[in-house]
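Visitor: Given the coordinates of chain Y, assemble chain E onto it according to the supplied hints.
Number of protein chains: 2
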Amino acid sequence: MVEVQAVLLSGGSGTRLWPLSREAYPKQFLPLVGDDTMLQATWRRVAALSSHAPIVVANEDHRFLVAEQLRVIGAPTPRIVLEPVGRNTAPAIAAAALIARADPQHEDGDPLLLVLPSDHVVRDDAAFRAAVIAATPAAEAGALVTFGIVPQAPETGFGYIHADTGEGVRKVLRFVEKPDAATAQRYLDEGGYYWNSGMFLFRASRFLEELAKYRPDILAAARAACEHLDPDGEFLRLDRDAFAASPSESIDYAVMEKTDAAMVLPVDIGWNDVGSWSALWDVSEQDADGNAHHGDVIAIDSRNSYAYAQRLVALVGVDDLIVVETDDAVLVAAKDKVQEVKQVVARLKAEKRSQAALHREVHRPWGSYDSVDAGPGFQVKRIKVKPGAALSLQSHNRRAEHWIVVRGTARVIRNNDVFELFANQSTYIPIGAKHRLENPGAEILELIEVQSGDYLGEDDIIRYEDVYGRG
Amino acid sequence: MVEVQAVLLSGGSGTRLWPLSREAYPKQFLPLVGDDTMLQATWRRVAALSSHAPIVVANEDHRFLVAEQLRVIGAPTPRIVLEPVGRNTAPAIAAAALIARADPQHEDGDPLLLVLPSDHVVRDDAAFRAAVIAATPAAEAGALVTFGIVPQAPETGFGYIHADTGEGVRKVLRFVEKPDAATAQRYLDEGGYYWNSGMFLFRASRFLEELAKYRPDILAAARAACEHLDPDGEFLRLDRDAFAASPSESIDYAVMEKTDAAMVLPVDIGWNDVGSWSALWDVSEQDADGNAHHGDVIAIDSRNSYAYAQRLVALVGVDDLIVVETDDAVLVAAKDKVQEVKQVVARLKAEKRSQAALHREVHRPWGSYDSVDAGPGFQVKRIKVKPGAALSLQSHNRRAEHWIVVRGTARVIRNNDVFELFANQSTYIPIGAKHRLENPGAEILELIEVQSGDYLGEDDIIRYEDVYGRG
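Going down the list, the sequences are from chains Y and E. Per our numbering, the very first residue in the first sequence carries number 1486; after that it's consecutive. Per our numbering, the very first residue in the second sequence carries number 1486; after that it's consecutive.
Here chain Y stands alone, though its shape is the one from the complex (with noise of 0.2 Å):
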């Protein structure tokens, strides 16, 4: 009977996925293949293999999305370990594999580690439990294991791992770096060459001593920052300087290519590491003119193209296109040109314009609000307030507060009052008065807010309390 430890690795800027992917929202947090979130996705693919729960790297500012993604799918309460800077895989892993260490649930201190990204597509999941199983005796004998992929095109967007001959886990020969086109096909018509994957099976004690090695200062690093943990609800916050005093590195980099314990699995898996809109097309379910659609879309004439609608979108004669519409932003994109995307997402950076990072709805602890309307003086928003949170008690100096419930029940603190709002229930928040609402019920409580004011800034508020620690 396998059991892993899983190490889920929470990374990803959401830049080449714009404007569904955000640098607030990035793409392992998106339902872009089936109902599942990417990192749901992940979840249920290894649950099966591990009794224990998960542990997540993120960003400190994806934490709660993290936290709330796994609950709603009944995941065992995941140690959430959050990295105050991103310093690349070799860094978090070795603290997620510190953190597994200590762990008092693994008895002998020193579980197997199933490390994988949180946003990649695996189409054939029972192929990939099936791979983990099979690697691990080797993980157990001590390898590193990782992944490679059975190659399905000359892709030279991927670092390629040289595998030795052999039947199953075997020894790799050598990491070899993105391939021009050429080199591409080669490896692809010789064999024996396989895609890295960025997942991995190892003990968590014989990837330490293998840091150890070949770069202690990232261990000393890490080992730092786990020292000083700032426990916090679920989460397990790193030593913000100690962490950011690790050299940023890939654990391919650091470890994998140097080490003589590298193994590696060949596997066919329907992997696709979702990197742009043109590989979620491949990943997509087309129609028989090669059409994937996500959402209310009318295609006439059309080939070949990727369209998402949260609206209505009609595509008229067009091939090989991707069209991506959301609440604030519409993409579109030549197919083989969707590379660019990113310098749109660079544009918007440099004019500090809110599309980069945010969606039109924004996530928060309690819940989240998205901006239904705005005009001169005034803006509409739709207020969500998950069962049993509330927001922080807090005053604005500039604008007034008209809230009417549309479903579930509101709990209103107004200055001294405190009174219970029903659907079709509405009341008035004064410039200037101390208010806190929370959602006493078991359903949602969804509101719409209607603020009225000279500045409509979110930066005119004044908190007072906040569960969430907010300041």
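None of these hints come from the bench; they were simulated from the model. Computed from a predicted structure; not experimentally measured. Treat the hints with caution; some may be incorrect.
As the list makes no split between identical chains, a pair holds if one copy fits it or if it spans any two.
What the hints assert, rightly or not - Simulated crosslink set (SDA-like; lysine to any residue; CA at most 25 Å straight-line):
1) K1871 with G1938
2) K1837 with Q1824
3) K1822 with E1846
4) K1663 with I1916
5) K1822 with H1779
6) K1837 with D1781
7) K1834 with A1777
8) K1919 with E1905
9) K1919 with V1952
10) K1834 with Y1510
11) K1827 with D1774
12) K1698 with D1609
13) K1837 with A1623
14) K1834 with D1772
15) K1834 with Q1795
16) K1822 with D1786
Guide: Using the frame of chain Y, we list chain E on its own:
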């Protein structure tokens, strides 16, 4: 000194410029080029030639749009002739001619009619006015003068007029149907062929005489429709049965191709009928890459494309594309396939979807409403009421309404109460309450309405009194 009676034809069903143009709001009412709508631009083009109020022949459903659009540019209060059904241009112009002859503002009872479609672009207004002045002597002498556009390309989408040789106004040799490509090229090479623009100048009496000669049935129907004119404020409503009895025929077929009095003045005035999205790209200002943009558009590595954005549209690596983004629908079309846009509209109509006929913002005689958000059991509308306007006295059986004023002043009748609300004040209309909303102020009234109930259709309305005569 030239003095004409402008007759503006406000037809057009709005399918070719979907989704910007809709059945309820077709292209003559849109500011497609410049700040004026095309109807407004048409009036401004000829206002210097006419001291009389224009006659506008319009679809009954568009009457408030016509009135409002001409009012806001300070045009004299027009005679708006309402067609109960569309019967093409011959009956429409016949009715306008009969009405003009009977109009006491014309002392001699026989004005020069300048008949103009209201949905064409003319780049060189001064050249057009000069052409009208040049055509006047011939029209005064009894000719039916048409303006022929000097062709810029071998267009196959227009009918042509073969003109006699000579200078200025000259005899029409014949009208020819839309040609094939080779014929169109020959017309261009030979010269003497002009595009049929559908613009005319003639004495009202002369047109009616020629119509009596060739199509007395159409004249009789128009006369009968005008005998029972139903005046309704500034609207002149043609008798439904009498007008419907007219054959549906164009002025070209009914009169111009038959009469010996047809003459043509070739003009080079920057004319475009904006009959498709690619035509709109043609007449729009283009940047160095050939892109024409309206609104918030970011174009990376893209050429010869037209993009209309209400939010943000990003183009990446695309050529010869049309992208039109509205509140409730996005069109992405190859520029050489824009004729197929009507297939999208046909499909929406077949599926009885609102996007075929209506924008998200719906215009009413009193103002407009825009459905900015909706969810189970509620919807949010932004309502604008013009100064001095009032909605009907009404009630709803299935929904309650919350109103929050965000601009201007509202006068509210709610059962037996009458009260005023100012910006940042709100009220509640319970299910079943008789209510009316008025704007007693001099500026626009804007409010947010949150509807709450188990059924939220527009047809849940009981009207008790309506100043606009709606049932």
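Visitor: Look at each hint and say if it fits the structure.
Guide: Here is how each hint holds up against the structure:
1. Taking CA atoms no more than 25 Å apart as the test, K1871 paired with G1938 passes between copies only; the shortest distance there is 22 Å, against 27 Å inside one copy.
2. Only within a single protomer do K1837 and Q1824 lie at most 25 Å apart by alpha-carbon distance; the minimum there is 21 Å, versus 39 Å between protomers.
3. Neither within a single protomer nor between protomers do K1822 and E1846 lie at most 25 Å apart by alpha-carbon distance, with minima of 28 Å and 35 Å respectively.
4. Neither within a single protomer nor between protomers do K1663 and I1916 lie at most 25 Å apart by alpha-carbon distance, with minima of 58 Å and 67 Å respectively.
5. In this assembly of identical chains, K1822 and H1779 lie within 25 Å of each other by CA distance both inside one copy and across copies; the values are 21 Å within and 23 Å between.
6. Within a single copy, K1837 and D1781 get their C-alpha atoms only as close as 31 Å, which misses the 25 Å cut-off; across copies the closest is 15 Å, which meets it.
7. Proximity of K1834 to A1777 under the C-alpha cut-off of 25 Å is restricted to the inter-copy arrangement: shortest distance 24 Å between copies versus 30 Å within a copy.
8. Taking identical chains as interchangeable, the C-alpha atoms of K1919 and E1905 lie at most 25 Å apart only when both belong to the same chain, with a minimum of 16 Å there against 28 Å between chains.
9. Proximity of K1919 to V1952 under the C-alpha cut-off of 25 Å is restricted to the intra-copy arrangement: shortest distance 16 Å within a copy versus 45 Å between copies.
10. Only within a single protomer do K1834 and Y1510 lie at most 25 Å apart by alpha-carbon distance; the minimum there is 15 Å, versus 37 Å between protomers.
11. Proximity of K1827 and D1774 under a CA criterion of 25 Å is satisfied inter-copy only: 21 Å between copies versus 28 Å inside one chain copy.
12. For a Cα distance limit of 25 Å, the shortest separation of K1698 from D1609 qualifies neither inside one copy, at 36 Å, nor across copies, at 80 Å.
13. In the homo-oligomer, the alpha carbons of K1837 and A1623 never lie at most 25 Å apart, since the shortest distance is 50 Å inside one protomer and 62 Å across protomers.
14. Taking the shortest alpha-carbon separations for K1834 and D1772, only the inter-copy value of 24 Å comes in at or below 25 Å, while the best intra-copy value is 36 Å.
15. For the identical chains of this complex, K1834 and Q1795 are neighbours both inside a copy (24 Å) and across copies (20 Å), given an alpha-carbon limit of 25 Å.
16. With identical chains, the CA atoms of K1822 and D1786 are at most 25 Å apart both within one copy (22 Å) and between copies (9 Å).
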